[in-house]
Amino acid sequence: MEFIKNIVESVKPNFDKGGKLEKYWPVFDGLETFLFVPGHATSKGAHIRDGIDLKRTMVTVILALVPCLLFGMYNVGYQHFLAIGESAEFIDMVIYGAIRVLPLVIVSYGVGLGIEFLFCIKNGHSIQEGFLVSGMLIPLIMPVEVPLWMVAAATAFAVVFGKEVFGGTGMNILNPALTARAFLFFAYPTKMSGNSVWISTDGMQTVDGYTGATALGNAVEQGVAGIPPYLDAIIGIIPGSVGETSVIACLIGAVILIASGIGSWRIMLSMLIGGYVMGYLFNMWGANSYMEIPAHHQLMLGGFFFGMVFMATDPVSAAQTNTGKWVYGFFCGLLGIMIRVFNPAYPEGIMMAILFMNVMAPLIDHYVVQGNISKRLKRAQAIA
Amino acid sequence: MAKNVKISRGVDINLVGKAEEKLGAIDSTTVALKPTDFHGVIPKLEVKEGDEVKAGTPLFHDKANENTKFVSPVSGEVVEVVRGAKRRILEVRLLADKETKFENFDVSGVNSADKAGIIEILQRGGQWPLIKKRPFDVMAGANEDPKAIFISAFDSSPLAPNYNFILKDRATDLQTGIDALAKLTKGAVNIVTRGDKGVFSGLNNCTIHSIAGPHPAGNVGVQIHHIEPLNKGEIVWTINVQDLAAIGSFLNTGKIQNSRVLAMTGAEVKAPQYYSVVLGSSVESLSKGNINDNARFISGNVLTGDKIEAAGYLGYYHHQVTAIREDHEAEFFGWVAPGFDKFSLSKTFFSWAMPNKKYNLGTGIHGEERAFVMTGQYEKVFPFDIYPVQLLKSIIINDIEQMENLGIYEVAPEDFALCEFGCTSKINSQEIVRNGLDLIIKELS
Chain A
-9 MEFIKNIVES VKPNFDKGGK LEKYWPVFDG LETFLFVPGH ATSKGAHIRD
41 GIDLKRTMVT VILALVPCLL FGMYNVGYQH FLAIGESAEF IDMVIYGAIR
91 VLPLVIVSYG VGLGIEFLFC IKNGHSIQEG FLVSGMLIPL IMPVEVPLWM
141 VAAATAFAVV FGKEVFGGTG MNILNPALTA RAFLFFAYPT KMSGNSVWIS
191 TDGMQTVDGY TGATALGNAV EQGVAGIPPY LDAIIGIIPG SVGETSVIAC
241 LIGAVILIAS GIGSWRIMLS MLIGGYVMGY LFNMWGANSY MEIPAHHQLM
291 LGGFFFGMVF MATDPVSAAQ TNTGKWVYGF FCGLLGIMIR VFNPAYPEGI
341 MMAILFMNVM APLIDHYVVQ GNISKRLKRA QAIA
Chain B
5 MAKNVKISRG VDINLVGKAE EKLGAIDSTT VALKPTDFHG VIPKLEVKEG
55 DEVKAGTPLF HDKANENTKF VSPVSGEVVE VVRGAKRRIL EVRLLADKET
105 KFENFDVSGV NSADKAGIIE ILQRGGQWPL IKKRPFDVMA GANEDPKAIF
155 ISAFDSSPLA PNYNFILKDR ATDLQTGIDA LAKLTKGAVN IVTRGDKGVF
205 SGLNNCTIHS IAGPHPAGNV GVQIHHIEPL NKGEIVWTIN VQDLAAIGSF
255 LNTGKIQNSR VLAMTGAEVK APQYYSVVLG SSVESLSKGN INDNARFISG
305 NVLTGDKIEA AGYLGYYHHQ VTAIREDHEA EFFGWVAPGF DKFSLSKTFF
355 SWAMPNKKYN LGTGIHGEER AFVMTGQYEK VFPFDIYPVQ LLKSIIINDI
405 EQMENLGIYE VAPEDFALCE FGCTSKINSQ EIVRNGLDLI IKELS
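Protein chains in written order, with this note's numbering: chain A, -9 to 374; chain B, 5 to 449.
Honestly, the hints are just simulated from the structure, not real lab data.
With a Cα cut of at most 27 Å, we get these calculated DSS-like pairs of lysine-lysine:
1) A:Lys2 x B:Lys430
2) B:Lys274 x B:Lys172
3) A:Lys368 x B:Lys190
Since we're looking at a predicted model, the values are computed, not measured.
Assemble the whole structure, with the sequences as input and the hints as a guide.
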């Protein structure tokens, strides 16, 4: 530790003002503060400060994502061996899955952080931590068979047009990870839907009767009869994007986020209520077999829980006021299920709904804040 | 009508180094009056280096109002006028006599005096600067018409002094002070206690409220907000409760009360207890033998106080000094460490498992400044019906109309201290609020 510190201290002058590598200061600073939380002392305002910083916050979110990542690896392997009809040990499944999933993670981080570094060098800003989470979210919402170059293109698009053009971390309107997913969905629709992308088969022959369709794909055609059993959907051994299938893994993440105070329980709860209400209304309506899927079963399918725990709660793109969070979450759930059922071409209605509500969030906040303002004005008038 | 208020948003930060309820006294041979303690005042000197003064002799007055005198706390010699950039006066330093000689002020007419009369006496005796106002958290103006006067009878900030201990024998002075202040407002003199009224229970001519809950329950701004909220154009005057007793003592005796009892607190203080000291005492006199070397010396509390160098002097409005560890060391992978010794409003450090632990916190920022990312964090420690982040953003973009709409007149920098403490993005919100208030003062004048 002293040893690393000495190395850092010895190369530091090169990056300081006037040093020959001055331009690359943001990169150096990013690495230095990654290794050592700076020992800066307070110079104005409160003399003592909370131990938390943005790095700690982001790391907590990544920690909450780990169950989803690990289960995703297992499930990729599980689905693979199921599809080709071979039996395999648990460890084989995990290893196979890791081999398929880790490249997605590496490409996402490599491209995303690379672009962030470029922007920071160009602007002379220190590196902000926002992408640490986005970089993990992106691979977890990809189909496992997506080509790596598409992940790279989507990540680049998300970082540049989803975030940097607005001013970087904290300034973006849309959730960057969902922006990446939406980019692929619209730019390469044939690659991102259908039955072949969800299962990694390595070109091997699948067993008879295995379609590789996701639960939502089946639900459109066969309704209740087509979806996997309730328990399978909760555990997550069903085809789908890498990290989204397991409700249990998502709930472990939710517990970490809520207990640490980093994720908003208001958004999660209201989104759950919103989704359930919509599902229940469809049950009452029952116009087609898709609508007849019980609301509690409907919510366990697709990316509902993953979106609820990790996407809708992104503090930057969500509503910021506590009242606004209730409204925002409720409509994320409501619209997500509505889009999914009304338009079978968009099985990932959750993604659409959250992106749409990201855009609406400032409007919701505006009305909440306006309510506070008019309350204050009324109080003044009552006295005058 | 007396109100009982309960707030739930806020937090008590448990620190090591609470003052024991034992009173000592410390003399300071040099003292200083710092014009910088009086926000917005441009000082005009009335003395020069070498002049002999008594306790109560004006040292300078406010350029905007000649009647507002700032008087010497001790008798002795003016040894130095310390100036900073653009010849701004930073300190007027005095060498104190062994025996303090007091100016005698004629206070005989105080019982029959009207508002103007009371203000005249207070200004002449240099007691006027003790009264501050909301909005803006600056010295009150003599020509204003406050709708009420609010006095917080307790301090809830970390390691705060217990005024029930400090003022236990001062009921007469408090009553005289209240009687004088009551003539200054058409409304009531409101005293807000924490429920245990103590010395305040027998006071007349005032309304005694109570408020329960964590810090910042003791902030007078919070109390005003919950008892009689301020609207645009209205003014409330406030005064620290020990300063109120000082005014009372002045009106009873005709001599200024030049000393205050302050709590010496913090982990770096060897024996934390209460001391009676002269206003503007030197840090040297206080820290010698009491405080460990290399500690940070804070005049005030850890959230809102001023950092004072070893050669500096106490602040005029402070009733507490705190000494805490100065941090320099970078932490290897500090952002993943479990952090049993770190206090956090979030539960990302395992210290949350020990709710009653007393912390020895240093001056480390534990991170770097970032854009606003987290939401809902400030609201947890901000017991106002105001949106704090939205208000800060309106200040950052200098949008005065929006600041007014969002309620800037109800807040003071100190009300944002806990937001600043708990901020993930390490944003200095007290400074932002001060800038916003100053901008409005400038635009309105």
